[in-house]
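**Student:** These are the residues of each chain, in order.
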Amino acid sequence: MNMTSAALRPYVEGFKTLETAPAGNAPAWLAGLRRDAFARFADRGFPGERHEEWKYTSTRPLEKRAFSLATPAHDSVSARDIAPILVHEMPVHTLVFVNGNPVAALSTASSAIRGLRIFSLNQALEQNAVVLQPYLIPESVWADDAFTALNTAFLKDGVVVDSDAKVQLDRPLQLIFVSTHQTSSLACHPRILVRLANDSQATLIETYLGLEGAANFTNSYTQIVLGENARLEHLRVQRESLGDFHVSRVHVSQQGGSSYLSHTLNLGGLWVRTDLQARLEAPLAEAVFNGLYAVNGRQHVDNHTRVDHLAPATRSNELYRGIIGGHARAVFNGKVVVAKHAVKTDAAQTSNNLLLSRTAEIDTKPELEIYADDVKCSHGATIGQLDEQALFYLRSRGIDLQTARALLVEAFSLKLLERIPASRLRAYAARQIKTALPRQSAVAEWA
Amino acid sequence: MLSIKNLHAKVEGRDILKGLDLEVQAGEVHAIMGPNGSGKSTLVHILAGRDGYEVTAGSVSYLGKDLLSMVPEERAHAGVFLAFQYPVEIPGVNNVYLLKAAYNAIRKHRGEEQLDAMDFLAMVKAKMQFMEIDPSFLNRAVNEGFSGGEKKRNEILQMLVLEPKLALLDETDSGLDIDALKVVAKGINRLRSPERAMVMVTHYQRLLDYIEPDLVHVLAGGRILKSGDKNLALELERRGYDWVLAEAAA
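Here the protein sequences line up with chains A and B, keeping their order.
Each residue of the first sequence is one higher than the one before, counting from 1 in our numbering.
Each residue of the second sequence is one higher than the one before, counting from 448 in our numbering.
It is possible that part of the hints are untrue.
Derived lysine-lysine pairs resembling DSS-like cross-links, with alpha carbons at most 27 Å apart [stated by the list, open to error]:
hint, chain 1, residue 1, chain 2, residue 2
1, B, Lys677, B, Lys452
2, B, Lys612, B, Lys629
3, A, Lys415, A, Lys335
4, B, Lys677, A, Lys434
5, A, Lys376, A, Lys415
6, B, Lys547, A, Lys415
7, B, Lys629, B, Lys574
8, B, Lys629, A, Lys434
9, B, Lys677, B, Lys547
Hint data in this document are derived by calculation from the structure and do not stem from the laboratory.
Full structure from sequences and hints, please.
**Tutor:** Encoded structure:
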């Protein structure tokens, strides 16, 4: 074990509790799977700053806190509490989790959609309804880092979506993970698996909401498997509270002609790390990564993305935009790997950042590894401030400084919204951004 | 309405205005002409409240108030409007949004009720038609991708909507062909009234063929060297500025 025993202790204790708890109807193999995962986590420890992938994000703040395991007894959340994150723009299926535990009373998802099944992970395990074992063991193609191992070790609940071929999910599925105020902070490790068979389509809205005073640790892991010509549009909205720690990792495997469209909005949290990775495994697979992060105060947000072009004629297109104010710090690292035989790859990446204060910081880094000839790859990164000329122009028309700043910050985020093709989904995303942004732009710190 | 006394100002440590005096009464249209770099644009920018200018001496009184102590939006609320020489492109903010926000901010300051959305739109559309601007421009980002002429017409449209008391026009005629110039001039003339004053900065006499000024000033070396009626502009067109400079030096 190479981690300090103090940082490790809460996790060891938590794991003991978990192991001694009654297994219920969970399959027998689960205990071994967890044990292996915990051993990997304990062996590896939290990544240090010398780890290339964690150069600008120290896990020390996380290590300094002790989180205990959430139990269903901690749940008391009303529909009103989660209203800010609910989708009004269109009918959706909804699954609500509070501190990692499913809350049936707030959920509306039907498991009986023709050709497509939605389960809680527990249901899926107990009913052995879906062959899950291969997905819960980390595949060797994905780097198994400490947080994925931790997620598997403490795997308790989550969501499984599984489709037959040629199915179109009738309405988007919204997952809501709520973090609530507790006397002692909790950790939860939601696991999400979405498998769309050939020619199927769905929209997933994965949302995280931290309620006033919450100071918990959410460590989610989402696996997405897309068959040939399958299409998933995936909107992720992270609005954890300003005391919450949030780690989330999304791994996407894509077959030929499939299309994965991701919009990641990191709008809250105290300490946030998100990893998004897609493997384009067969020709004509396409991944679009859109991201917006907005931080202020003492917030820290780190977005790591990676696309692996593993087959000819695959395409990826990425735009991440950041709004950083106060003493906040943001990290963007976008990696694009083009394998040797992945000719005719088309990859574009852009990172634009807006610094709202002198003390805000952004570390942005494109990483291109290209082993094939005959490819089209581009990348660009910008860091700027609010346009003084535009501010003066607006003020000269009678718009006060605060409003003018807010308007320009909102305008900056618009490029991202324009990349959400479905109008109602876009409207929902716009509303989420609009609610979160004023806090970001209100601070005028160019002193 | 506007009284500028002994105004001295620096830009990046360089003296630009060196004791400028100007009196503008309600109902008057003033043209300020002068060679390049004489301080014409600096003057209107200082009046509108742009950052980056250091006023080292002098005063500006507007409707009895100290204009220089007001932030740009307060000046706008009090009825000052600057038509920019280079209108700023603002991607992501659409024209109608800006017009409405500006209009409501100014009305709110005057203690007037906000106009109903439909009435507002109808008013703006009528003025767009007058300025020969296609209605599709309402929902386009402010000045983004507009041609030079479209930008200038858009400035005048904003002015018609906001109905300022003191309009500052900075080289509004620059880069316009004759047809666009006529439309812009039509917009400006429409706003002439006994309660309103205008200060036009221009390089050429051409604009003054369409908007007849009450007073013409020559600004050079940071001061008003000569003032006269519209005939002064014609004379400047014929003879250039050298004779005014020589006269002042004498």
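**Student:** Check each numbered hint against the structure and report the violated ones by number, ascending.
**Tutor:** 4, 8 and 9
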